[in-house]
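Chains as they are written, first to last, in our numbering: chain A, 1 to 144; chain B, 1 to 144; chain C, 1 to 144; chain D, 1 to 144; chain E, 1 to 144; chain F, 1 to 144.
No wet-lab data here; the hints were simulated from the structure.
All of these numbers come straight from a predicted model, not from anything done at the bench.
A few of these clues could be false.
Just a few of them, taken from the derived set where beta-carbon distance is under 10 Å, the chain D residues facing chain A [to be verified]:
| id | residue |
| --- | --- |
| 1 | M1 |
| 2 | L29 |
| 3 | T96 |
| 4 | T113 |
| 5 | T115 |
| 6 | N134 |
| 7 | R139 |
To give a feel for the contact side, a few chain C residues facing chain D, derived at Cβ under 8 Å [claimed, not checked]:
| id | residue |
| --- | --- |
| 8 | S22 |
| 9 | V87 |
| 10 | A89 |
| 11 | V93 |
| 12 | G101 |
| 13 | L108 |
| 14 | S110 |
| 15 | T113 |
Backbone N, C-alpha and C fix where the C-beta goes; we use that ideal spot for every residue, glycine too.
6 protein chains.
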Amino acid sequence: MFLVTRRYRFSASHRLHAPQLSDAENRELYGKCNNPYGHGHNYVLDVSARGPLEDRSGRAVDVEALDRLVSREILDAFEHRNLNAEVEAFRHVVPTSENLGMEIWRRLRSNWTATFPAAWPRLEKIRIAETPRNIFEVRANENE
Amino acid sequence: MFLVTRRYRFSASHRLHAPQLSDAENRELYGKCNNPYGHGHNYVLDVSARGPLEDRSGRAVDVEALDRLVSREILDAFEHRNLNAEVEAFRHVVPTSENLGMEIWRRLRSNWTATFPAAWPRLEKIRIAETPRNIFEVRANENE
Amino acid sequence: MFLVTRRYRFSASHRLHAPQLSDAENRELYGKCNNPYGHGHNYVLDVSARGPLEDRSGRAVDVEALDRLVSREILDAFEHRNLNAEVEAFRHVVPTSENLGMEIWRRLRSNWTATFPAAWPRLEKIRIAETPRNIFEVRANENE
Amino acid sequence: MFLVTRRYRFSASHRLHAPQLSDAENRELYGKCNNPYGHGHNYVLDVSARGPLEDRSGRAVDVEALDRLVSREILDAFEHRNLNAEVEAFRHVVPTSENLGMEIWRRLRSNWTATFPAAWPRLEKIRIAETPRNIFEVRANENE
Amino acid sequence: MFLVTRRYRFSASHRLHAPQLSDAENRELYGKCNNPYGHGHNYVLDVSARGPLEDRSGRAVDVEALDRLVSREILDAFEHRNLNAEVEAFRHVVPTSENLGMEIWRRLRSNWTATFPAAWPRLEKIRIAETPRNIFEVRANENE
Amino acid sequence: MFLVTRRYRFSASHRLHAPQLSDAENRELYGKCNNPYGHGHNYVLDVSARGPLEDRSGRAVDVEALDRLVSREILDAFEHRNLNAEVEAFRHVVPTSENLGMEIWRRLRSNWTATFPAAWPRLEKIRIAETPRNIFEVRANENE
């Protein structure tokens, strides 16, 4: 069994503002991240899949297939975007890195079998670094 | 003589859109960076000052004074901001990293003597990394 | 469930010398780390907490509260300190990175509930990089 | 219990070519990695061992002993080598990073007890970064 | 005036062997880098161009044009290649990083005017990191 | 002409305390760096030499000779040392990174000709990173 991780990057902007809270509560809760004009980050996304060696190729994951999946479902949707304004999932959900992580997880999960129809590899975890100091992980089993 | 460099970070969002150009020209010129909702980056700013050793302290630059200058003039103004909407200098100037570099240079230059009234240290260069792959430098002599 | 990691840094000095061993045994065991005048490192500390999404904030961990805890219990005590001479826990215990990790773990554990009184988030692991080549992790379950 | 990780580096070249496949199948499967003249990488290898604190030393792993093991079994064999031509294990096995990881794992496993004859520390995982974007992990329990 | 730097990566293999020297002299001169089967690196290439702000775009360098130049002249030729066997310039010249730097410099110089026909930007320097510890720079004025 | 840079690392401790100043002045000047028990850093040292291509080897700098020079004059003297107590040059001089840089520069300069007796390569600059945020450079011409 191998854990294979592939790193991707995208730049996006967001504003932390929970629609069900008042302006004052939002300012209290999110501080400068609640700035109405938004701010942005260079996100670093690591996608990790687990699987046994495939005998024919000597590989555990078809990395080109993974790249196509991530490009189509994640990078095309988020790269150089305003997450609040341009991603449907964040119209009514605050785009914290936790919620961004869940959205990425859902997109990869729901398209995984079409990309990897065999029993393996399986999506094991994703890791989002909003900055080098702030890191968020979502793992299989805990979220399904 | 020593060159002393100090590193700072700030996250901000921007949109590349030149007001004197048509929408079609802007899309052609800036591509995805012209996205009307903006996007963002974790900017890394290096400020370099040159000077001789100061005998009393064994230092060439009073780093605490430099930190106060950069915090007040740069970080307080740009950190977690939308550069187009919230920084006066970019109301009518497109916030490319080159123009951002010039704005940072001007702010440091015009407040330098108040912070460092002696002949030394002098502001030598600034370096902005928009991403690890895109780096912009502004140097003294070339811009004064 | 999310794993949220936050990175901190501090610089400190230490000397590896076990009080119950002879000088010769200490030199044999610790080599250049036993140098009587000590040496130092830029330590990088990652603190990881696990928890479910809190509905109101869309976050799993109150990062500001975590920062206050780490600043008060860890950074204020270790930053720019000589670990042997200035940290009570290392008066009679050799400040290897393993023992430093346990001391950090104990300080965070014993103040965790005061900072995070709800069932979640829980302290999951800490990771100390003494240098980029030497990394030490302490995890929950294994040390309680 | 501690997890102690130590980082090593080596530069090597390889060619991905599965001997049981036709030239056309190899080109299809490995793309530019099938280039008959080979190419190369700066591999980064992290070796992680788990164990309790040893009371006498205040350490969990004798890092010098680990260094000697890795130097002798891994670095001496792979550093500045052509993996296909100079490592026996890859004469008939394609040197993907997965197979490279398994070969490193086998070498460390089969020499572990001679280096660490006590119950602890145990080899927990190895991690190979072929490039900063392509990372492969092999863990105990899953491969024994 | 701005200095704009753009970072590229390629993986390649090489062998240091000077054709005009004997086998013994080569072994003496290049040590393990003379290994007849070659070895490899993940090269990091920084290309720096200098120029004034172009008023219309607010940029100093058309980065997309630079990317096309570097892709066509450098990455297509070196990525996943054996430098000795597959790059004409190294058939009779030893592919040290110095010679690799000069070859990259010549390729960029001789195609620069076709890509950037105006007076600016000008190619200022290239920097090749063979590993994070070994760095080579070629600058304008010194090599023309 | 090439600029060749080689990176080295050492860990050391120091205390900033100027002997000609009072305790109060030292505390005021150096803050927490004046802590009487000292603290420490993982220093990163880059040594850069300039020279033309040597025809026989295709190299500009004999890196093995440079390594021997730096090991003997710098690393053996500073690695795992307390700079104040164990380095003669800092008995009466405060070991700021500026003074540390000058001491390294002097040691390399005074032994350069013995190591590199030909006209080239010449020592061009050294760069010391005390932490990733604090960087000090010393250059030829400015200090001779």
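- Item | A89/C as an interface hint toward chain D, with CB separation required under 8 Å | 12 Å, violated
- Item | Hint status (Cβ of M1/D to nearest Cβ of chain A, threshold 10 Å) | 21 Å, violated
- Message: Can you verify the interface hint for T115/D: is its Cβ closer than 10 Å to any Cβ in chain A?
- Response: Interface hint status for T115/D: violated (24 Å vs cutoff 10 Å).
- Have a go at the N134/D hint: is there a Cβ in chain A nearer than 10 Å to its own Cβ? 6 Å, holds
- Query: Minimum Cβ distance from S110/C to chain D below 8 Å?
  - Reply: 19 Å, violated
- Task: Using Cβ atoms only, decide whether S22/C comes closer than 8 Å to chain D, and label the hint accordingly.
- Result: For S22/C, the interface hint is violated, since the closest Cβ of chain D sits about 12 Å away, which is over 8 Å.
- Message: Please check whether R139/D passes as an interface residue: C-beta within 10 Å of a C-beta belonging to chain A.
- Response: Constraint on R139/D satisfied, holds at 7 Å.
- Hold the hint about T113/D up to the distance rule: shortest CB distance to chain A must be less than 10 Å. With Cβ-Cβ at 23 Å, over 10 Å, it is violated.
- Holds or violated: is there a CB of chain D closer than 8 Å to the CB of L108/C? 16 Å, violated
- At a threshold of 8 Å, is the proposed contact between T113/C and chain D supported by beta-carbon distances? 23 Å, violated
- Query: Does the nearest C-beta of chain A fall within a distance shorter than 10 Å of the C-beta of L29/D?
  - Reply: Nearest chain A Cβ about 6 Å off; hint holds.
- Query: For the hint on V87/C, does the least C-beta distance to chain D fall short of 8 Å?
  - Reply: Result: violated, 14 Å to nearest chain D Cβ.
Violated hints, listed in ascending order, are 1, 4, 5, 8, 9, 10, 13, 14 and 15; each of the other numbered hints is respected by the structure.
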